[in-house]
Amino acid sequence: MAHDTTCVLGARGMVGRALVRALAAAGDTDPLTPSHAELDLLDPRATADWFAAHRPARVYVAAARVGGIIGNNTRPAEFGRENALIAINVLEAVNRLGDDAGKVLFLGSSCIYPKHARQPIAETELLAGPLEPTNEMYALAKILGLKLCDAYRRQYGRSFTSCMPCNLYGPYDNYHPEYAHVVPSLMLRFHQAAASGASEVVCWGDGTPMREFLHVDDLAAACLFLMRNYDEAGTINVGTGAEITLQDLATLMAEVTGFTGAIRWDTSRPNGTPRKVLDTTRINALGWQPRIDLATGLRATHAWMVEHLDQLRAV
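Going letter by letter, the sequence shown gives residues 1 to 315 in this note's numbering.
Hints were generated in silico from the structure; no laboratory data involved.
Careful, some of the hints might be misleading.
Here are the simulated distance ranges between beta carbons [as the list claims (entries may be wrong)]:
(1) Ala46 <-> Asp206: 40 to 50 Å
(2) Asp99 <-> Ala300: 17 to 27 Å
(3) Leu42 <-> Thr296: 55 to 65 Å
(4) Asn229 <-> Leu309: 31 to 41 Å
(5) Ala77 <-> Ala300: 32 to 42 Å
(6) Glu92 <-> His3: 37 to 47 Å
(7) Ala57 <-> Ala195: 23 to 33 Å
(8) Leu140 <-> Gln289: 47 to 57 Å
(9) Arg12 <-> Gln247: 16 to 26 Å
(10) Asn229 <-> Arg118: 21 to 31 Å
(11) Ala198 <-> Leu286: 20 to 30 Å
Glycine included, C-beta positions come from ideal geometry on N, C-alpha and C.
Using the sequences and the hints given, assemble the complete structure.
Have a look at this one:
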């Protein structure tokens with residue numbers, strides 16, 4: 001028999017921790033949060049056995065192998081293999097519960113949309129064109145997860161669905177100097193430059209790409225909202241609908257961290273996707289809106305980073 005419990009996979013990561021905070025605020029103070037030592041999601045038998053034993057009613061799949069441009073570009077087999085296995089093993093394990101199968105919300109990522117998708121990016125753009133080459137394998141593995149949710153829904157009637165967050169930031173992000181995403185990477189670089197009195201900060205590319213950033217606590221609120229209010233085939237975008245150039249982001253990051261030197265752009269480094277902002281019409285129509293503006297969110301995240309500098313490590 002299914003238990004009226006919530007499961008957060010990837011609860012030690014930035015998104016998973018935010019989900020646990022949001023659940024606690026909503027009164028769900030004891031979700032299942034298995035660590036990697038307790039549950040290896042790359043092992044199909046271990047995953048099936050764990051779900052058979054616990055039978056949660058709600059499952060948030062926030063576990064993933066993630067990284068920035070360098071990580072995706074230099075470890076494509078690892079990123080593709082591990083993310084595909086997580087999706088396959090978890091969805092099949094829940095499906096095997098039959099009538100006890102709980103509701104699953106699988107988290108994708110906006111970087112799996114085509115490199116030159118029409119902007120703002122609607123959910124219908126998925127698979128409408130070639131992917132960004134630097135993260136192709138990660139994208140393909142995540143697309144597999146999204147499509148498997150639809151396949152299990154169609155074949156077995158399962159309540160499996162998915163959402164597509166834009167670029168995220170917030171506490172417990174990955175601050176690895178090579179594998180971090182743009183916000184934590186820039187935040188640490190500008191903070192260290194300000195602390196050392198450096199005369200300049202070097203940023204990758206030419207600064208022209210447009211990006212959209214969502215605080216992870218807003219994403220967690222959206223996930224809880226979708227678990228209650230969304231149960232359809234196909235993914236749904238989660239974002240702010242606002243965009244900023246990386247040049248303006250760097251300027252804002254200098255203000256947040258107190259850096260007063262020069263910002264120089266290294267055009268020998270890749271820009272990545274030229275523009276990426278999500279069309280959030282569908283989730284907004286359901287009644288959800290983000291609450292944390294970028295400047296406020298960055299200041300809070302910087303304060304958290306400063307407090308935890310000694311504990312930061314690669315994820």
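Now for the hints, and whether the structure bears them out:
1. For the hinted restraint 40 to 50 Å between Ala46 and Asp206, the CB-CB distance of approximately 46 Å keeps it satisfied.
2. Against the hinted window of 17 to 27 Å, the Cβ-Cβ separation of Asp99 and Ala300 comes to about 43 Å, which falls outside the hint.
3. In this structure the hint that Leu42 and Thr296 lie 55 to 65 Å apart at CB is violated, the actual value being about 38 Å.
4. Between Asn229 and Leu309 the C-beta distance comes to about 39 Å, which sits within the given range of 31 to 41 Å.
5. Against the hinted window of 32 to 42 Å, the Cβ-Cβ separation of Ala77 and Ala300 comes to about 37 Å, which satisfies the hint.
6. Hint check: Glu92 to His3, Cβ distance near 20 Å, so the stated range 37 to 47 Å is violated.
7. Ala57 and Ala195 have their C-beta atoms about 47 Å apart, which leaves the hinted 23 to 33 Å range violated.
8. The beta-carbon spacing between Leu140 and Gln289, approximately 31 Å, falls outside the hinted interval of 47 to 57 Å.
9. For the pair Arg12 and Gln247, the beta carbons lie near 34 Å from each other, so the given range of 16 to 26 Å is not met.
10. At about 27 Å, the beta-carbon gap between Asn229 and Arg118 stays in the expected band of 21 to 31 Å.
11. Taking 20 to 30 Å as the suggested C-beta distance range, the pair Ala198 and Leu286 does not conform, at roughly 46 Å.
In summary, the structure is inconsistent with hints 2, 3, 6, 7, 8, 9 and 11 from the numbered list given earlier, while agreeing with the others.
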